[in-house]
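Asker: Sequence:
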Amino acid sequence: MSGVISGPGPTKQTFISQRLRLNYLDWGNPDAPPLVLVHGGRDHARSWDWVAQELREDWHVIAFDHRGHGDSDWVSDGNYQVSDMVYDLAQLIHQQGETPVTIVSHSMGGNVALRYAGTFPDTVRKIVAIEGLGPSPKRQAEMRADPYPQRMAEWIGKKRAASARSPRKYESIEAAFARMIEENSYLTEAQARHLTLHGVNRNEDGTYSWKFDPHLNVWMVEDVADEFVHQTWAAITAPTLLLYGADSWASNPQGDGRLEHFTNAEVVEFENAGHWLHHDQFDRFVATLRNFL
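Going by full-length UniProt numbering, the sequence shown opens with residue 1, and the numbers climb by one from there.
Since the hints were made in silico from the structure, they are not lab data. Just so you know, not all the hints are guaranteed correct.
[Claimed, not checked] Distance condition first, Cα-Cα at most 20 Å in a straight line; then the derived EDC-like pairs of lysine to aspartate or glutamate:
#1 K126 x D31
#2 K138 x E260
#3 K138 x D247
#4 K158 x D213
#5 K169 x D205
#6 K126 x E269
#7 K12 x D26
#8 K158 x D223
#9 K12 x E57
#10 K12 x D73
#11 K169 x E183
Using the sequences plus the hints, can you model the full thing?
Answerer: Okay, here's the thing in structure tokens:
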């Protein structure tokens, strides 16, 4: 995998979801079966470019920017909920007008995509989720250890602080690039540069800021109840592939009990890979993906 994207790139398109204008990339080949790429938190659709290039000859590849990410609109109140993101994905697939789709997703995007697949099982052919189940049961218990009123008060404080904070500014692309490398040491310089170039906007004063909404650092106090998430996972009928990096902070569902909520899923762990295993072990990831699809 090189850091350079060769050949014609994707066309940039938009669609409307809950009054927001959301961005997506269409890699062409419209007569091929549809495949949707769903990125993770504080990421963007262009992080899938290398994967899209590998698949575009056999699939009609679509990659979209979640609300608050990439070139999509930010929400006016700064409150981001998974249910709204599931709606956005449902709206994108509905407007494309062709199902069943194949979905490849990462992290927060995997959380969204798996809930979509359980809500509309007949519209999904196969689904891949890279570390997309959210916090482990142990982490969930730790997060809920404090009384709800205390957690709500902390959330209000964090939201108030976020509202007063301007997006961080970097004096140069090189400074933003250095931050990207710091965040994921597995990335090559070419990969990190590509992700940085597509992940920033230039400000009026010549500095650079990440495209994602800073409010994405403050999530709601509670999601839907675990039992409802488990019901949704159990409703997925499409073959499901759950991928995990051996060096990631994420908990492998094969060991923490969450795999039992799926009826048709397998887990594959990648050695020498962290949370972004599709970057860290690209060749193995693509081989695994092609075999599964």
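Asker: For this structure, which hints from the list above don't hold up?
Answerer: Failing hints: none at all.
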